[in-house]
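*Asks:* The lines below spell out each chain.
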Amino acid sequence: MIEMLTLAKKELTDLRRSRLLLVLFAFLAVAVILSVVVASADFRLKIADYRHYLDALKAAGSTAAAPAPQLFPLQMLRGGMEYLEIIGSLFAVVLGASMITKEKGRGTLALIFSRPLGRYAFAGGKILALSLIWATTMGALFLVIVATLLLVGNAPLQGGDYLALAIVAAHTTGYLIMWSLLAMTLATLALRTGTGLILALVLWLVVVLIIPQIGDTMDPDNQIPGGLFASLQVDKSHEQAVMAHFTGYETTRDLIEQTSVTKQYERATFAYLGIKNEYNQQSLSFIWAGTFNNTLWLLAGLATSLGAALLSGTKKTILRKAP
Amino acid sequence: MTATAISTTALTKRYGTAQALNELNLSVPAGEIFGLLGHNGAGKTTIVNILTTLLEPSTGTAEIGGRDIGTAAHQVRSTIGYLPENVQFYDNLTLVENLLFFAHLSGVQAPRARIREVLKFLDFTGHDSQRMSSFSKGMRQRAGIAQAILHEPSVLFLDEPTSGLDPQGVAKLREIIISLNTQLGMTIFMNTHLLAEVTKTCTSIGILSAGTLIYQDSMAATLESFPAQESLEDIYLHIEASQRS
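Protein chains in written order, with my numbering: chain A, 381 to 703; chain B, 16 to 260.
Wrong hints could be hidden among the right ones.
As the list claims (entries may be wrong) - No farther apart than 30 Å at their CA atoms in a straight line, the calculated lysine-lysine pairs in the DSS-like style are these:
id	chain 1	residue 1	chain 2	residue 2
1	A	K426	A	K438
2	B	K215	B	K187
3	B	K152	A	K389
4	B	K135	A	K389
5	B	K215	A	K695
6	A	K389	A	K482
7	B	K152	A	K482
8	A	K695	A	K482
9	B	K152	B	K187
10	B	K152	B	K215
Please keep in mind that the hints were generated in silico from the structure rather than gathered at the bench.
Chain A with its partners taken away, still in its complex shape (with noise of 0.2 Å):
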């Protein structure tokens, strides 16, 4: 366990001093605030804007009812979401590939393995350091987003938000944990340096890009600008009524989309958030239900991933495949 906390203990200060690295957090941590600033900011006058309508009717002397728009703080959080779905976990796959190259390319393997170390510490050290530099970025981001939206947007959030946004956050860490350990896996099988990072970016682009893209093509709300049954002007029931006739292939497009964690994530995450309206407004054990597998499904990516490391981080394994 020591030896463990000690290989941890030297990734974080290695990371902390990391110029690139730095930097890109800190790409990331700006792109995802500005999302959530300039949505605040559009959210902020909107509601300023019906105040004064309603004092425009009121100074008219009309006693016409004004219905209120339709605005849900946490809707705000789309754009940064979409950020770390995709840069977020371009970033990870860096992250965990440098973790292992960068001990290859210095030939420091030979001077952590010829120590007595127990047969995971090496990958449990690795393990702990990106699993605490997630959660503690993401848990920054997000207090960060919080106060974002109490202070720029004047959103009025409540228990079930903050609940909502905890469960988000959560997980976003285990979302970008699993690519780093995706890429550190891969960088550990691959015998050339960049060979790992090449392979970790070409499964970044097939499920982060790539699947999700082909779903998304073959929804029909979005083959038109608007939707297709919007702008038909088909309502929900109706609309239903026809994609009843074609449930083979809605069921081929949710397969597609069901290969890719990133649109288990996304689907998760979008629904705590209401941005799927079918999950606005409602109670999060509502929320939980219509999710669960989706969770579940980054969960057993992350399980997998964090297997994968810890068996291909072994001395044997991993000295097998150093140049």
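Given chain A, put chain B in place with the hints provided.
*Replies:* Here is chain B on its own, set in the frame of chain A:
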């Protein structure tokens, strides 16, 4: 009778069809500075990697201080120190942070005090808070020796320790190696190409050719046995040529 620090019995390593080591029988008494000589690809690094438990032999056995490298690998690792060729360390960490990391991995008690002691022994003080990225090759080699002896190993393996060093660096390293042997009683096993250094440093030598140990004797006996040869380089070339013919 002198105890044996390193011994191998019919040690063989194959990479597919290529034979890196061929039934190697080697014995290095405790307290020696043993120099293993051989041309590139002779199997020198392979034998160091096996003896430091980084690589498993195909067949045969080896012992360090009477402990089998296969069945007692964990104990063997506690008793050896190792400095590979061209190691670079963690550039973002200071000298002391690097050494603390390796001291903790080796289970050193009171690591900070031990690091101070080792750096003083190596005459390498005043660089504690300096990041390794600013170190010269010679300074890195001294840091390398420091990490290798933090846990007071009884056997120290050095793979091409003088590689890339300037003459002053080579002389300083020689002084350190001899001090480690004479003052701390460490057995030292080194691979090197620098035969002039071997003459000045080693107490015994072995010559490896195509994975086979073709010669082993003390340095004094070697120099006496080949009076016609002017230097160790001539002796080495003579033995290699005799083997080929």
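*Asks:* If a hint holds in the structure, say so; if it doesn't, say that too.
*Replies:* Going through the hints against the structure:
1. K426/A - K438/A: holds (18 Å)
2. K215/B - K187/B: The given pair, whose Cα atoms are some 12 Å apart, holds under the 30 Å limit.
3. K152/B - K389/A: holds (26 Å)
4. K135/B - K389/A: Cα-Cα ~26 Å, so holds.
5. K215/B - K695/A: Violated - the C-alpha atoms of K695/A and K215/B are around 36 Å apart, more than 30 Å.
6. K389/A - K482/A: Measuring from Cα to Cα gives roughly 16 Å; hence the hint holds.
7. K152/B - K482/A: The given pair, whose Cα atoms are some 19 Å apart, holds under the 30 Å limit.
8. K695/A - K482/A: holds (16 Å)
9. K152/B - K187/B: holds (12 Å)
10. K152/B - K215/B: Holds, because 22 Å separates the two Cα atoms, which is no more than 30 Å.
Comparing the model with each earlier hint shows a violation of hint 5 alone; every other hint is respected.
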